[in-house]
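Single-letter residue listing:
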Amino acid sequence: MMEPMRQGPAGRPSSVAGGREPTNLGDILERVLDRGLIVAGDIRVNLLDIELLTIKLRLVIASVDTAKEMGIDWWEHDPWLSGGDRHLVEENRRLRERVAELEDGHPSRRSIEGTVEYADEEPPRRPRAGPAGERERRGGEREERRRHGR
Amino acid sequence: MAADAGTYLYAVAHGAGAAPPEELTGVAGAPVRAITRAGLAAYVSTVPLDEFGEEPLRRSMEDLDWLDRTARAHHHVVEEVARRTVTVPVRLVTVYSGDDQVRALLDERHDDFTQALARVAGRREWGVKVYAGSGERADPGTKDDGRDEGTSASSPGMAYLKRRQASLRGREEAMRRAWERAERVHDVLRSIAVASRRHRVQDPQLSGRAEGMVLNGAYLVEDDRSQEFARVLEELRAQGGEIELTGPWAPYSFAMLDDPVDHGGAA
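So the sequences go chain by chain: A and B. Counting with our numbering, you get residues 277 to 426 for the letters of the first sequence. Counting with our numbering, you get residues 3 to 269 for the letters of the second sequence.
Just so you know, these hints were derived from the structure itself, not from any lab. Any given hint might turn out to be false.
Claimed, not checked - Residues of chain B placed beyond 12 Å of chain A at every Cβ, according to the derived structure:
hint: 1; residue: 24
hint: 2; residue: 36
hint: 3; residue: 72
hint: 4; residue: 189
As the list claims (entries may be wrong) - From the derived model, a few chain B residues whose C-beta atoms are all more than 12 Å from chain A:
hint: 5; residue: 18
hint: 6; residue: 23
hint: 7; residue: 26
hint: 8; residue: 27
hint: 9; residue: 58
hint: 10; residue: 114
hint: 11; residue: 190
As the list claims (entries may be wrong) - Partial list, computed: chain B residues near chain A (C-beta under 7 Å):
hint: 12; residue: 68
hint: 13; residue: 76
hint: 14; residue: 77
hint: 15; residue: 78
hint: 16; residue: 91
hint: 17; residue: 97
hint: 18; residue: 99
hint: 19; residue: 106
hint: 20; residue: 159
hint: 21; residue: 160
hint: 22; residue: 167
hint: 23; residue: 208
hint: 24; residue: 241
hint: 25; residue: 254
Beta carbons: idealized from backbone N, C-alpha and C, even for Gly.
Build the full structure now, drawing on both the sequences and the hints.
Here it is as structure tokens:
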């Protein structure tokens, strides 16, 4: 709705013709690494090896503190992810399944918060196509965790 | 050229008026110069191979500080050149063993470059990102209505999980609305643009925003329609949601030798 006051690439340009400058590292990296003409140089650096994914991961690693500040800290609180107390794990598993049954009549419909996961899909996950595949995928994760949990 | 130096290529443009702005420096702080050939100009600088050779690069690319510096320097050169003339940006760390190899490149790929330049002439790239707005994150409709008192009272864990379920549903609904808005925004904008591309949406750590990004679009817009583009964007913004506009950019997203971009919309 309102444009928030923030630093970074945001914002309506003050004048359409002029206003540049604002660019943050993410926007620049995306362009210089992932776009732009590819012509074979003499020095071979396979950007496909390194590409945005790796860099993204490194950014994520480098900025865990930032993520916490932004409230993306679910991995610390989810016992399944932080490898917490086994009793709690087991209780939560039962409760989640119970909740799922109660609310949806659909035992597999559960998920953990996926704040960080949204952005990782290409093409962008669509609302209609998404949930089925997501449920499947997360169902698989649950199986995986269940095995580890026991 | 010395054996321990290479030629780093930033961008290709038409040959006329090729001289780069004075004191323009590129990666590693080296001055930028133009190599002209066959009516084309390649903007380059000399780089030390102990930093830009194959092995050093492999390590450097994993070094975020180095990458930050180098990416910004590369981008700066591209932008400076693009401000003055029709420009095709080249991808980061394209390095040749010398100027002769760059001349050979301009010879060999002359037609391709000319075609790529024609595609972006008189046009600029705009970046538009749409986020799930903060207003969409909480859905008042999914408040716990307490209808399940028996079970929810049975344990704090259950109550917690119910709240969590509710908030997840709210979030799903919010995301669904956000995706729909992304479609709408993209359709409207591409109808003004000459070409458009939808890029991978950025991870929150990359975008620096906690809200999920639902559109990361690039739009190649005729210069004389950029006011219109901005105005329409304002109208879309007024309809709600977080929309971020960046640009104008050098045509990074449309610098290519083949042409697989989406030409939908504009005739």
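Status of the hints after comparison with the structure:
no., hint, result
1, 24, "holds (20 Å)"
2, 36, "holds (17 Å)"
3, 72, "violated (9 Å)"
4, 189, "holds (14 Å)"
5, 18, "holds (20 Å)"
6, 23, "holds (15 Å)"
7, 26, "holds (16 Å)"
8, 27, "holds (16 Å)"
9, 58, "violated (10 Å)"
10, 114, "violated (9 Å)"
11, 190, "holds (16 Å)"
12, 68, "violated (12 Å)"
13, 76, "holds (5 Å)"
14, 77, "holds (5 Å)"
15, 78, "violated (9 Å)"
16, 91, "holds (4 Å)"
17, 97, "holds (4 Å)"
18, 99, "holds (4 Å)"
19, 106, "violated (10 Å)"
20, 159, "holds (5 Å)"
21, 160, "holds (6 Å)"
22, 167, "holds (6 Å)"
23, 208, "holds (4 Å)"
24, 241, "violated (9 Å)"
25, 254, "holds (4 Å)"
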